[in-house]
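A.B. asks: Okay, here's what each chain looks like letter by letter:
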Amino acid sequence: MDDFAQSGFNEEPIVRDRSEAAMLLAEKPKGRGLGPLGCLRCRAEALRWGT
Amino acid sequence: MPRGGVALGYVIAKATGAELDIITPRKLKDPYEPELAIGAVMPGVSAFLNDDVIAARGVYPQYIEEEMAREVEEASRRLRAYRGSRPYPELGGRIVMLVDDGIATGATMMVAARWARGQGAAKVMVAVPFIPKETIGSIERECDEVLYIAAPEFFMAIGQFYAEFLQVTDSEVVDTLKEYWRQKR
Numbered sequence: 203m204d205d206f207a208q209s210g211f212n213e214e215p216i217v218r219d220r221s222e223a224a225m226l227l228a229e230k231p232k233g234r235g236l237g238p239l240g241c242l243r244c245r246a247e248a249l250r251w252g253t
Numbered sequence: 161m162p163r164g165g166v167a168l169g170y171v172i173a174k175a176t177g178a179e180l181d182i183i184t185p186r187k188l189k190d191p192y193e194p195e196l197a198i199g200a201v202m203p204g205v206s207a208f209l210n211d212d213v214i215a216a217r218g219v220y221p222q223y224i225e226e227e228m229a230r231e232v233e234e235a236s237r238r239l240r241a242y243r244g245s246r247p248y249p250e251l252g253g254r255i256v257m258l259v260d261d262g263i264a265t266g267a268t269m270m271v272a273a274r275w276a277r278g279q280g281a282a283k284v285m286v287a288v289p290f291i292p293k294e295t296i297g298s299i300e301r302e303c304d305e306v307l308y309i310a311a312p313e314f315f316m317a318i319g320q321f322y323a324e325f326l327q328v329t330d331s332e333v334v335d336t337l338k339e340y341w342r343q344k345r
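Chains as they are written, first to last, in my numbering: chain A, 203 to 253; chain B, 161 to 345.
Treat each hint with caution, since some may be false.
[Claimed, not checked] Distance windows between CB atoms, simulated: (1) A:Gly233 <-> B:Phe314: 16 to 22 angstroms; (2) A:Gly240 <-> B:Lys344: 32 to 38 angstroms; (3) B:Glu193 <-> A:Ala248: 41 to 47 angstroms; (4) B:Glu339 <-> A:Gly233: 24 to 30 angstroms; (5) A:Gly235 <-> B:Pro247: 19 to 25 angstroms; (6) A:Gly235 <-> B:Glu294: 17 to 23 angstroms; (7) B:Arg342 <-> A:Met225: 20 to 26 angstroms; (8) B:Tyr220 <-> A:Met225: 43 to 49 angstroms; (9) B:Pro191 <-> A:Leu236: 39 to 45 angstroms; (10) B:Phe314 <-> A:Arg250: 38 to 44 angstroms.
[As the list claims (entries may be wrong)] Which stretches of chain A does chain B cover? Using the computed rule of at least three CB atoms under 8 angstroms from a CB of chain B, they are: (11) 214-228; (12) 241-252.
Rather than coming from a laboratory, the hints here were simulated on the basis of the structure.
What you are looking at is a predicted structure, and each value in this text was computed from that prediction instead of being measured.
Quick reminder that beta carbons are idealized off the backbone N, C-alpha and C, glycines included.
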């Protein structure tokens, strides 16, 4: 992989539109220290049930 | 966060059962390059000022004060236009997630996070699909958690990550909020 590719440049879009971005964000977010409960829907459920 | 963030916030609020609302932080523009942020403001919270940019660009304090006054007024006007006179929900002790369709400089997100903290939020989360890798650290310092889809090193514009990145209009923002509030009734 050359320096340009390693820079993270992506010629292709990652999502189709804002709705797809929102769903990905809700279901498969990335972030520091996110474990198996990274999914926002799962975390909201867990909060609701106090688990 | 208007305007694109409302479209995402609507989907996330429906997916998680969270309560959707809107805030109107405003970028403080550099006097010579309006695309460049020297900071950001929101009514009722102290401004975030990017001291490095201000020093490097030699921006005068008087300009900053005038720009802050202009943008606070504009933020208030937009807030009224988007949500009318509805009282804000009480945020004390609650989890607040600030959503936008991407972050570039992060100035408006930083002032929004400070505002949420000032409202007594128990936890402030930032959720944006795309954020420059170099910006994550500064946003993390203002909140408890930053969520994203990708944090590329090469980041020219938020729109580069979307196949379709249409401008969201003010009336679409109002319609989205009205639809959400109608369904919640």
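A.B. asks: Each hint should be assessed against the structure and marked as holding or not.
C.D. replies: Right, here's what the structure says about each hint:
{"no.": "1", "hint": "A:Gly233 <-> B:Phe314: 16 to 22 angstroms", "result": "holds, 20 angstroms"}
{"no.": "2", "hint": "A:Gly240 <-> B:Lys344: 32 to 38 angstroms", "result": "violated, 26 angstroms"}
{"no.": "3", "hint": "B:Glu193 <-> A:Ala248: 41 to 47 angstroms", "result": "holds, 45 angstroms"}
{"no.": "4", "hint": "B:Glu339 <-> A:Gly233: 24 to 30 angstroms", "result": "holds, 29 angstroms"}
{"no.": "5", "hint": "A:Gly235 <-> B:Pro247: 19 to 25 angstroms", "result": "violated, 35 angstroms"}
{"no.": "6", "hint": "A:Gly235 <-> B:Glu294: 17 to 23 angstroms", "result": "holds, 20 angstroms"}
{"no.": "7", "hint": "B:Arg342 <-> A:Met225: 20 to 26 angstroms", "result": "holds, 22 angstroms"}
{"no.": "8", "hint": "B:Tyr220 <-> A:Met225: 43 to 49 angstroms", "result": "holds, 45 angstroms"}
{"no.": "9", "hint": "B:Pro191 <-> A:Leu236: 39 to 45 angstroms", "result": "holds, 40 angstroms"}
{"no.": "10", "hint": "B:Phe314 <-> A:Arg250: 38 to 44 angstroms", "result": "holds, 39 angstroms"}
{"no.": "11", "hint": "214-228", "result": "holds (count 13)"}
{"no.": "12", "hint": "241-252", "result": "holds (count 6)"}
Violated hints, listed in ascending order, are 2, 5; each of the other numbered hints is respected by the structure.
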